[in-house]
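Enquirer: Sequence:
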Amino acid sequence: MMLWQATPANLWQGRDDSAEASNALRLFQTIARAERFAPQEMPGDIALLGFACDEGVRRNKGRTGAADGPATLRRALANMASHQGHDRCVDMGTISVDGEQLEVAHQALREAVADCQRAGKRTLVLGGGHETAFGHGAGVLDAFPGEKVGIINLDAHLDLRFAECASSGTPFRQLALECDAQQRGFHYTCIGLAGRRTPRRYGMKRRAARWLSLKIWRC
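Start counting the sequence shown at 1; every next residue gets the next number (full-length UniProt numbering).
If you are wondering where the hints come from, they were derived from the structure by calculation, not from laboratory data.
Quick reminder that beta carbons are idealized off the backbone N, C-alpha and C, glycines included.
Just so you know, not all the hints are guaranteed correct.
[Stated by the list, open to error] FRET-style restraints, in silico, Cβ to Cβ:
| # | residue 1 | residue 2 | range |
| --- | --- | --- | --- |
| 1 | G99 | T72 | 28 to 34 angstroms |
| 2 | R36 | Q183 | 32 to 38 angstroms |
| 3 | A181 | G85 | 20 to 26 angstroms |
| 4 | D155 | T72 | 16 to 22 angstroms |
| 5 | D17 | A38 | 52 to 58 angstroms |
| 6 | A19 | G99 | 25 to 31 angstroms |
| 7 | I191 | R122 | 34 to 40 angstroms |
| 8 | R36 | A71 | 49 to 55 angstroms |
| 9 | K61 | A38 | 19 to 25 angstroms |
| 10 | G146 | I191 | 35 to 41 angstroms |
| 11 | D98 | I152 | 40 to 46 angstroms |
| 12 | N23 | D180 | 20 to 26 angstroms |
| 13 | C165 | A71 | 22 to 28 angstroms |
[What the hints assert, rightly or not] Straight-line alpha carbon distances no greater than 20 angstroms define the calculated SDA-like cross-link-like pairs of lysine to any residue that follow:
| # | residue 1 | residue 2 |
| --- | --- | --- |
| 14 | K148 | D98 |
| 15 | K148 | G192 |
| 16 | K61 | D155 |
| 17 | K148 | Q101 |
| 18 | K61 | A156 |
| 19 | K61 | R33 |
| 20 | K61 | Q101 |
| 21 | K61 | K148 |
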């Protein structure tokens, strides 16, 4: 798959307590790791996918560094205790953005998510900026055509920006347009919208939210 890379084994390391008890395991000891992208061949029903991307944040005039997220999150998860059910997790690798080619990477993430979902795996995408939400959401829509898909955004921002190109501020508007193109409902709830973080000049986003029949919970 284009832009896809397997996760290096050295990211999944941690303390080994198995000498004390056979069930004293950590996530690095129980997670499966894909050497190639073939979700239907991998065990487990929870797929971790990385999206190493700074481009969406850069376009939205934010602070870059999100591209390091997938590797950093894996290192943090590796040493966590693995309890019942964690053996269902499989690391399905990372989509890495090539330069400014966010749209190409979005398509690659979309296809990867759809393939995992069709293989019976729930997807947990490690970003990356909030532009991750479009590729992830579009992949779920593709995997369940004609079905009602709910979207919950825990955020101080709606991320419904009107912009000429995709960014970390546009993912849910992109998903709304995608739903419209597929003639299906856009079911979106934003929990935590902060007025202090949403200037008055962005009132058009609130009007767009009402037009789209969105639910907004303020903080």
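Enquirer: Next step is simple, just say for each hint if it's right about the structure.
Expert: Evaluated hints:
Between G99 and T72 the beta carbons are some 21 angstroms apart, a value that contradicts the proposed interval 28 to 34 angstroms. For R36 paired with Q183, a C-beta distance near 36 angstroms keeps the hint of 32 to 38 angstroms intact. In this structure the hint that A181 and G85 lie 20 to 26 angstroms apart at CB is violated, the actual value being about 37 angstroms. For D155 and T72, the Cβ-Cβ distance of about 21 angstroms falls inside the hinted range of 16 to 22 angstroms, so the restraint holds.
Taking the beta carbon of each, D17 and A38 are about 32 angstroms apart, not inside 52 to 58 angstroms as hinted. A beta carbon spacing of about 47 angstroms between A19 and G99 contradicts the range 25 to 31 angstroms that was offered as a hint. The hinted window of 34 to 40 angstroms between I191 and R122 is violated, with their beta carbons roughly 21 angstroms apart. Against the hinted window of 49 to 55 angstroms, the Cβ-Cβ separation of R36 and A71 comes to about 19 angstroms, which falls outside the hint.
A hinted range of 19 to 25 angstroms is violated for the C-beta pair K61 and A38, which are about 39 angstroms apart. Separation of G146 from I191 is about 27 angstroms and departs from the stated range, judged on CB atoms against 35 to 41 angstroms. Taken as a hint, the range 40 to 46 angstroms is violated for the pair D98 and I152, whose Cβ atoms sit roughly 30 angstroms apart. A hinted range of 20 to 26 angstroms is violated for the C-beta pair N23 and D180, which are about 50 angstroms apart.
C165 and A71 have their C-beta atoms about 26 angstroms apart, which keeps the hinted 22 to 28 angstroms range intact. Restraint check for K148 and D98: not satisfied, since their Cα atoms lie roughly 33 angstroms apart, outside the 20 angstroms limit. A threshold of 20 angstroms between alpha carbons decides the hint, and for K148 with G192 the separation of about 23 angstroms lies outside it, so the pair is violated. With a C-alpha separation of about 18 angstroms, the suggested pair K61 and D155 falls inside the 20 angstroms cut-off, and the hint holds.
At roughly 30 angstroms between alpha-carbon atoms, K148 and Q101 are farther apart than 20 angstroms, so this suggested pair is violated. Between K61 and A156 the CA atoms are separated by roughly 17 angstroms; this keeps the pair inside 20 angstroms, and the hint holds. For the proposed pair K61 and R33, the alpha carbon gap of about 35 angstroms is over 20 angstroms, so the pair is violated. Simply put, K61 and Q101 have alpha-carbon atoms about 17 angstroms apart, close enough for the 20 angstroms limit, and the pair holds.
Restraint check for K61 and K148: not satisfied, since their Cα atoms lie roughly 33 angstroms apart, outside the 20 angstroms limit.
Hint check: violations occur at hints 1, 3, 5, 6, 7, 8, 9, 10, 11, 12, 14, 15, 17, 19, 21; the rest are consistent with the structure.
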